[in-house]
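Residue numbers (the numbering used here), protein chains in the order written: chain Z, 1 to 621; chain C, 1 to 247; chain V, 1 to 243.
Treat the hints with care, as some may be off.
Below, computed lysine-lysine pairings styled on DSS-like, alpha-carbon distance capped at 30 Å [as the list claims (entries may be wrong)]:
{"no.": "1", "chain 1": "C", "residue 1": "Lys157", "chain 2": "C", "residue 2": "Lys128"}
{"no.": "2", "chain 1": "C", "residue 1": "Lys89", "chain 2": "C", "residue 2": "Lys24"}
{"no.": "3", "chain 1": "C", "residue 1": "Lys70", "chain 2": "Z", "residue 2": "Lys45"}
{"no.": "4", "chain 1": "C", "residue 1": "Lys24", "chain 2": "Z", "residue 2": "Lys45"}
{"no.": "5", "chain 1": "Z", "residue 1": "Lys271", "chain 2": "C", "residue 2": "Lys24"}
{"no.": "6", "chain 1": "C", "residue 1": "Lys70", "chain 2": "C", "residue 2": "Lys128"}
{"no.": "7", "chain 1": "C", "residue 1": "Lys24", "chain 2": "C", "residue 2": "Lys157"}
{"no.": "8", "chain 1": "C", "residue 1": "Lys128", "chain 2": "C", "residue 2": "Lys24"}
{"no.": "9", "chain 1": "C", "residue 1": "Lys129", "chain 2": "C", "residue 2": "Lys24"}
{"no.": "10", "chain 1": "C", "residue 1": "Lys24", "chain 2": "C", "residue 2": "Lys123"}
{"no.": "11", "chain 1": "V", "residue 1": "Lys201", "chain 2": "V", "residue 2": "Lys47"}
{"no.": "12", "chain 1": "Z", "residue 1": "Lys15", "chain 2": "C", "residue 2": "Lys129"}
Hints are computed from structural coordinates only; laboratory data are not their basis.
Each chain is listed here by its residues.
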Amino acid sequence: MTTTLEHTATAAQPKGGGLARHQNAGTAIVCGVVLAYVGWLIGRKLLWNGSDNWGDEVTVLTITGWMLGFWIGIGAFNAPFQWLLGRDNTRADNLYYAGEHQGRARYWKYTTDHKVVGVQYIIVTMGLLAIGGVLAMAIRTELITPGTHFVNQQVYNSFIAIHGMVMILALIVAVAGPWGNFVMPIMIGARDMAFPRLNALSLWTLVSAAIVLVGTLAVGGLPVGWVVMGTISDQAGPGMDFFAMAIVIFTVSTTVASVNLITTILAMRTKGMTLDRLPIFVWGTMITAALALYAFPFFFIAEANQIFDRTTSTSFYVAAGGGTSWLQANLFWLMGHPEVYVILIPAVAALFEISSVMARKPVFSYRTAVGAMVALAGLSAVVWAHHMFTSGWAPSLGGPFMVTTELISIPTGIFFLVLVGTLWRGNVWMKLPTVWMFGFIFNFIIGGVTGIYLSDIPLDEQLHGTMFVTAHFHYIFVGSVLFGAIAALAYWFPKVSGRYLNEFMGRISFWLVFIGVQITFGAMFLSGLKGMPRRDASYSFAFEHTNFISTMGAYIIMAGMLVLLGAVITSWGHGEPAGPNPWHANSLEWQVSTPPPLENFDVLPVITEDPYHFDEAKVNA
Amino acid sequence: MSIDSPALDDTHSHGEGQHDSPEKIDGRERLGVWLFIGADVVTVGALLFTYLYLRAVDTSGHWMSMYGYKGSLHTYEYWFNAAANGTLKSPTLIHVGTVSAGLQWVVAAITVVSAAVLWTGEKSLRAKKNAKSFSATALLAALLSIAGIVFSAVLLKDLPQIFVSINDSNTMSYTTYDSAMMALLASTIFHLAVLAFLGLGLSIRATRGVVSGDRWYQVRLVRYFWVWVAISSVVATLITTTITYVH
Amino acid sequence: MDNPPKRSLQSFYWTWGILTAVGVGLSLWLPRRYLPEAMSNDANLTKTTMILFSICAAPVASGVYAGALHILRHYRYRGEGVPPAAPQIRENTKLLVSWLTASAILTVFVLVWGLGALAAENNSASSNPLVVNVTGQQWVWTFSYPGTHVVSNELYLPENREVEFHVTSEDVTHGFWLVNMGVQVDANPGVVTTIHTTPDKMGVFEVRCEQFCGLNHAFMDAIGYVVTPQQFSSWLAAQPQRA
Chain Z
1 MTTTLEHTAT AAQPKGGGLA RHQNAGTAIV CGVVLAYVGW LIGRKLLWNG SDNWGDEVTV
61 LTITGWMLGF WIGIGAFNAP FQWLLGRDNT RADNLYYAGE HQGRARYWKY TTDHKVVGVQ
121 YIIVTMGLLA IGGVLAMAIR TELITPGTHF VNQQVYNSFI AIHGMVMILA LIVAVAGPWG
181 NFVMPIMIGA RDMAFPRLNA LSLWTLVSAA IVLVGTLAVG GLPVGWVVMG TISDQAGPGM
241 DFFAMAIVIF TVSTTVASVN LITTILAMRT KGMTLDRLPI FVWGTMITAA LALYAFPFFF
301 IAEANQIFDR TTSTSFYVAA GGGTSWLQAN LFWLMGHPEV YVILIPAVAA LFEISSVMAR
361 KPVFSYRTAV GAMVALAGLS AVVWAHHMFT SGWAPSLGGP FMVTTELISI PTGIFFLVLV
421 GTLWRGNVWM KLPTVWMFGF IFNFIIGGVT GIYLSDIPLD EQLHGTMFVT AHFHYIFVGS
481 VLFGAIAALA YWFPKVSGRY LNEFMGRISF WLVFIGVQIT FGAMFLSGLK GMPRRDASYS
541 FAFEHTNFIS TMGAYIIMAG MLVLLGAVIT SWGHGEPAGP NPWHANSLEW QVSTPPPLEN
601 FDVLPVITED PYHFDEAKVN A
Chain C
1 MSIDSPALDD THSHGEGQHD SPEKIDGRER LGVWLFIGAD VVTVGALLFT YLYLRAVDTS
61 GHWMSMYGYK GSLHTYEYWF NAAANGTLKS PTLIHVGTVS AGLQWVVAAI TVVSAAVLWT
121 GEKSLRAKKN AKSFSATALL AALLSIAGIV FSAVLLKDLP QIFVSINDSN TMSYTTYDSA
181 MMALLASTIF HLAVLAFLGL GLSIRATRGV VSGDRWYQVR LVRYFWVWVA ISSVVATLIT
241 TTITYVH
Chain V
1 MDNPPKRSLQ SFYWTWGILT AVGVGLSLWL PRRYLPEAMS NDANLTKTTM ILFSICAAPV
61 ASGVYAGALH ILRHYRYRGE GVPPAAPQIR ENTKLLVSWL TASAILTVFV LVWGLGALAA
121 ENNSASSNPL VVNVTGQQWV WTFSYPGTHV VSNELYLPEN REVEFHVTSE DVTHGFWLVN
181 MGVQVDANPG VVTTIHTTPD KMGVFEVRCE QFCGLNHAFM DAIGYVVTPQ QFSSWLAAQP
241 QRA
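Chain Z with its partners taken away, still in its complex shape:
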């Protein structure tokens, strides 16, 4: 295959990898559990700082032990300590880390090959979506009629918080994780990411964080809402410590991933790949990474303050001590609003890419599309307090935040222009990715328009805290982002697996999910309009019809997602084979074999034009 992989004197060279030859997810979990126990022991036996809430200190120490143990066990600290001792990796080490000759086992290890990391992200995303989805079904089942049914309020309140945060985590990585990692480096003509070890670190850190987050369910849950407002979170049980620590761990993952993505895109493009020849998906990934780099540290500090409050009796959010819940709200939303664009932009950028290939025409208004994504990211940093319009905080700032928030509708509108403009007068190839894209267009209008309602303060004073808000962001997260993520999956599935994602099952799934979304969240808008608050474990009879309809819709969505899961599982091993370039696209990932070689290219390509030239001659070649 490539000369770079062959070792002419294998017998004489030492095997690479060192300690890493014995490390994998299993050792990570074992080390994590062992050090968690050590942390627990230290907390219980040795540490006592004189306050009566020592339970939280023990919990935090336990989770710290888990976090460190997991990293040790997976091999994340191997390289830093080797660096410390002046022993750098050899070529054999690097090839071992990249997963050479390890077959399936490399997916369970700290593998640096970006393609392996991409597949690992697919699995993690699916796992998080599954957990969040089960919780969603539990929530909607409980809300089928007024009154308490199969879970009590405490459990229900916990379900909604964990459903929320698990789904947020899933959607943050849903497109940027799998495809920002698997596809993007090939798209720019690179052999791997700029920092391959950081790539593995970001994935495994996410796994560690996700385990802690889901572990919340085992310690009494998180009955405080996923925005974990300061005052009520101070009240909560150990689940809150789990949540806060999960976030602390998670922000390490996103920061590392952001640094890696941005550096890769800026520094590792192949010769001729100037920024204006960059596939638009790569632009989207870079803009997203920059936004995430800015936003997530705020979340880290918001939760670190919370941990301090709960373990060392500080008063960040405790009013009696001089603190204020508004501090938590500001820090949280300084992260929280950019975060929703971190979630949205990769999905939109993937759809831009898909729309061009499927319409056989260039991306319409490429530069404007890039500009719109940049504007969206930039504006998103100055709109955060629209989540606090009714909090009573700084009423005089309501007007300015209303202005910045409503301005966001302009770049968002450009997205529609680009998508519709790309498809217009095209020869639109109605394959599975295209179908989900049309679903996105329909849902994103509804999500976007209802967002404008909420950005108007007088309207928000009626609608804030109601199911109207919940319906709005579910139209965005489920109706738009998830549809974009599934389109991306259907589009790049052949590059990862060598097979098409089953068209028939995919379309059944699409119609079930699409119709289910309209029923569930359409009725939910009405619940909100009528006056149903959100996060209610039970509700008055005035809302029974719309809730019943929402629950029915949720089951339809579930059916659709199960069909999709079936499609993924069956197609991966037994789907219709696809060649290396089933969509006849021009971007670099389609010019390499499926699966791509370990280091992507035998010879690095030289680029002379962007990937949006569809010529008659080339298509028929």
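Using the hints provided, position chains C and V relative to the given structure of chain Z.
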């Protein structure tokens, strides 16, 4: 997009395990370090935001005061028993003083000096190519960081605790000023620990010849971060020593 | 390969028009049908704003939908195998400029209306509002009327008099929401937040907590009554004296 056969490319191995030249690798590692510094700027920014915000809102006028009992004078058990026995008199409004400004500046100064030491060492390494001497310099910088940690720990230890007893809920507590200072000090200690690790690593690597007059790129990378930590230390200390009492 | 532009665009415009009409119809009907009964000037403004914004959104949404439908009808590749290349259109500056201008105008309009409504709300403060203190506590609302000794869990308000609520909490953050009056503000511990409104219709109204506050958040409701000024005074007088 056309994939022509390349005139020149970077497929040939340079150095151990890398396809690209040391300059190219250094180029992207520098970008990576700057991006990390960017994230750290936001993080420290958020900490300072916390400090300034809490002072600005001064909820219930308790930025530097709290109702309770001078906790530091006795053990928690003493207070707990007093509360249980009902022998606690009514709580007083306790005013905490500012954390020692002098000691804060000592920590900042140590951080700045350690950065200067490292930077000087780097320049000397590039000029004179004496790896052994650089090894000692890097070790010195690391030791200075550890000294900074020690002083920061002293500051932390001296944060006054107040025993608060409300509705049978007893706890040792901190004012918001002390809370914000605690978070900043924890951040300082963490950053200094990272610097100590980096300095020690450079020192060992120089001894082993991995870092030398010809291979000094990583020293520069570490220096970037070190200088940032020094700057953030000065900025934070300026804020926490000048913007203190609410007037 | 290209359809004659004029004929196919006609169907696009028709679709756009019909969908806009449907949208406008829904805009006029849905808010009125589903929003709670409006019992204050603010609630009326809410209803009007929602109708207006929906009407503004109708042609935008319809345009995009009509575009998508047009694409599905006229530009779908119905052959076998890979579709041939389509016209390699990269830009349409006129369209881009019109789009940006239209969206900017719409945004400015929505902004001006919203800022105007906000200003009107803030400036409507009369010089002699009725002040009601609202305290949220897990999980009950308590209302007290300064100047009297009245403390109640039901909110009585006189019609046509501006009322200013001073809201706070004893424990965690709650959300004080007057469902029929179109206003809400959080109740935070340690601070007092303020909203005001003028009830202009008599009857029963709902108070709900709209900020998650713990176990019984879903049940943190209160009943309110808008009554005549005379009934209000008699109610105040009839309340038991509490210290």
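Tested hints:
1. C/Lys157 - C/Lys128: Outside the cut-off at roughly 44 Å; violated.
2. C/Lys89 - C/Lys24: 70 Å, violated
3. C/Lys70 - Z/Lys45: 27 Å, holds
4. C/Lys24 - Z/Lys45: 51 Å, violated
5. Z/Lys271 - C/Lys24: Distance ~13 Å between Z/Lys271 and C/Lys24 Cα, so the pair holds.
6. C/Lys70 - C/Lys128: 58 Å, violated
7. C/Lys24 - C/Lys157: 46 Å, violated
8. C/Lys128 - C/Lys24: 24 Å, holds
9. C/Lys129 - C/Lys24: 22 Å, holds
10. C/Lys24 - C/Lys123: Given pair C/Lys24, C/Lys123 holds - Cα atoms ~21 Å apart, limit 30 Å.
11. V/Lys201 - V/Lys47: 15 Å, holds
12. Z/Lys15 - C/Lys129: 34 Å, violated
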